[in-house]
Amino acid sequence: MANIAVARIKREFKEVVKSEEVAKCHIKVELVDDSFTSLRGEILGPPDTPYEGGTFILDIRIPETYPFNPPKVQFLTKIWHPNISSVTGAICLDILKDQWAAAMTLRTVLLSLQALLAAPEPDDPQDAVVARQYKETSDIFSQTARHWASNYASAPHREPVMDDKVAQLKNMGFDEHKARVALSTHNWDIEQAMENILS
Amino acid sequence: MATENIEDAKAQMGYDPTTNYDEATMAQQRQIEQEIAGCQPLIGKETDLKTLHDEYSPEDKIYQDKITDLQRKHSAYRRIRMDGNCFYRGFGFGYMEKLLKDKSELQRFKEVVTTSKDEMIKLGFPSFTIEDFHSNFIEVLEKLEKDCGVDELLEIFNDQGYSDYLVVYLRLLVSGHLQKNDDFFMNFIEGGRSVKEFCAQEVEPMGKESDHIHITALTAITGVPVCIEYMDRSEGHGVTTLVFPDDKTPVLTLLYKPGHYDLLY
Chain P
1 MANIAVARIK REFKEVVKSE EVAKCHIKVE LVDDSFTSLR GEILGPPDTP
51 YEGGTFILDI RIPETYPFNP PKVQFLTKIW HPNISSVTGA ICLDILKDQW
101 AAAMTLRTVL LSLQALLAAP EPDDPQDAVV ARQYKETSDI FSQTARHWAS
151 NYASAPHREP VMDDKVAQLK NMGFDEHKAR VALSTHNWDI EQAMENILS
Chain G
1 MATENIEDAK AQMGYDPTTN YDEATMAQQR QIEQEIAGCQ PLIGKETDLK
51 TLHDEYSPED KIYQDKITDL QRKHSAYRRI RMDGNCFYRG FGFGYMEKLL
101 KDKSELQRFK EVVTTSKDEM IKLGFPSFTI EDFHSNFIEV LEKLEKDCGV
151 DELLEIFNDQ GYSDYLVVYL RLLVSGHLQK NDDFFMNFIE GGRSVKEFCA
201 QEVEPMGKES DHIHITALTA ITGVPVCIEY MDRSEGHGVT TLVFPDDKTP
251 VLTLLYKPGH YDLLY
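Line by line, the protein sequences are chains P and G.
One point on numbering: in UniProt numbering, the residue at position 140 of the first sequence is 140, and numbering is uninterrupted.
One point on numbering: in UniProt numbering, the residue at position 238 of the second sequence is 238, and numbering is uninterrupted.
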């Protein structure tokens, strides 16, 4: 069994490496060690989305039963997205669960994740807080997602007002990430965010 | 307020936001699968049909009568592991077992499989993986050409990786046939889904069970007519026999019990 998984990953590795998307630097896969069961993926945030130009790193684990069962994938780069946990990076995507098929590959997974960044599915959320913000106040959602992408994924577009608010809380002695989470969760209301951190 | 209630409820259930519950669920499924694998081979030994009587209570008149009826036409059966792939695996093994004794049918089938690859790539399946599953399938057919015996075939089908590769290709054949004829099959799909969506949800993933639509597609694309003996709790003393397609003579017979297929002789 394990041999099938490793042989398949070795072949897929070559497939991704020589694919067109790689040439355009849109997706990438790297080995973490020489085992072929633990990989590092990378996707570029798609254009016309809050994630545009950001580099998102993924942890990919290949189960022994691959390709009959899906790879385990999660975001290592912190991201604000309805279908990705802002806490753990866990992903809610059908093909990584019960709709995985053995004919799919790592390339399919990375391209599907890129598509997920461009088209969130708030009715099947992984992060309920983000999903609610996406549905109720989509402007604030977009700005928040862009703010996270610029701070964690080196995306070029900044959100200066949000950067300032985080800096304010940071200057008051709060942990930067905690401040960002609290502000993001409370629609950037500084008082509510502080109350939340202190409670 | 509403959110606080949800948070309270989560806390009471021991909800931990840092745990990935989907992964925990999948891990548990894997564990259950492994436990089943430990006590049941993918394809069992050929067993006298009489033993099927012992599986049901003597007072279970409906099933006892139906097994007796089954014995009028069949003498033995092979148990297939209950993993949601039983239809494909049972079909694959049962048919290839016949091919061992029918070289001209083997050539016809090899031709079908050979042309299927390009058809599927034309339909938009990823050539990278299709080729992988296709070449593995052809490899097994070549073993049949070289007169491998039933024992070797049984060994192939009981090797989880090898066996699953064959199941995947049969699933792809079904998906390809449904998508190629979506004008027709869309009439039989429930839930407002497209044929492509249906295939992604109910055909291509491993472990998804098979219904009439899957059977119709597999028998049509392979050109292998199949008889299914339905044994369920419905009234009557006999099993219900259906042949797919109904105007052909079946090459092999499967026994259907709700949610599962075994192979009949």
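Hints are computed from structural coordinates only; laboratory data are not their basis.
There could be a bad hint or two in this list.
Unchecked claim - 20 angstroms max Cα-Cα, derived SDA-like pairs, lysine to any residue: (1) P:K97 - G:N136; (2) P:K72 - G:Q31; (3) G:K98 - G:P245; (4) G:K196 - P:T108; (5) G:K61 - G:T240; (6) G:K101 - G:E155; (7) P:K165 - P:A128; (8) G:K208 - P:Q99; (9) P:K97 - G:E33; (10) P:K10 - G:N20; (11) P:K18 - P:N3; (12) G:K122 - G:P245; (13) G:K61 - G:M186; (14) P:K78 - G:N20; (15) G:K208 - P:I95; (16) P:K72 - G:Q28.
As the list claims (entries may be wrong) - Restraint-style ranges between C-beta atoms, simulated for each label pair: (17) P:A23 - G:L141: 45 to 53 angstroms; (18) G:S75 - P:D124: 22 to 30 angstroms; (19) G:E131 - P:S138: 38 to 46 angstroms.
Note that CB positions come from ideal geometry on N, CA and C, so glycine has one too.
Which of the stated hints cannot be reconciled with the structure, identified by number in ascending sequence? 1, 7, 10, 11, 12, 13, 17 and 18
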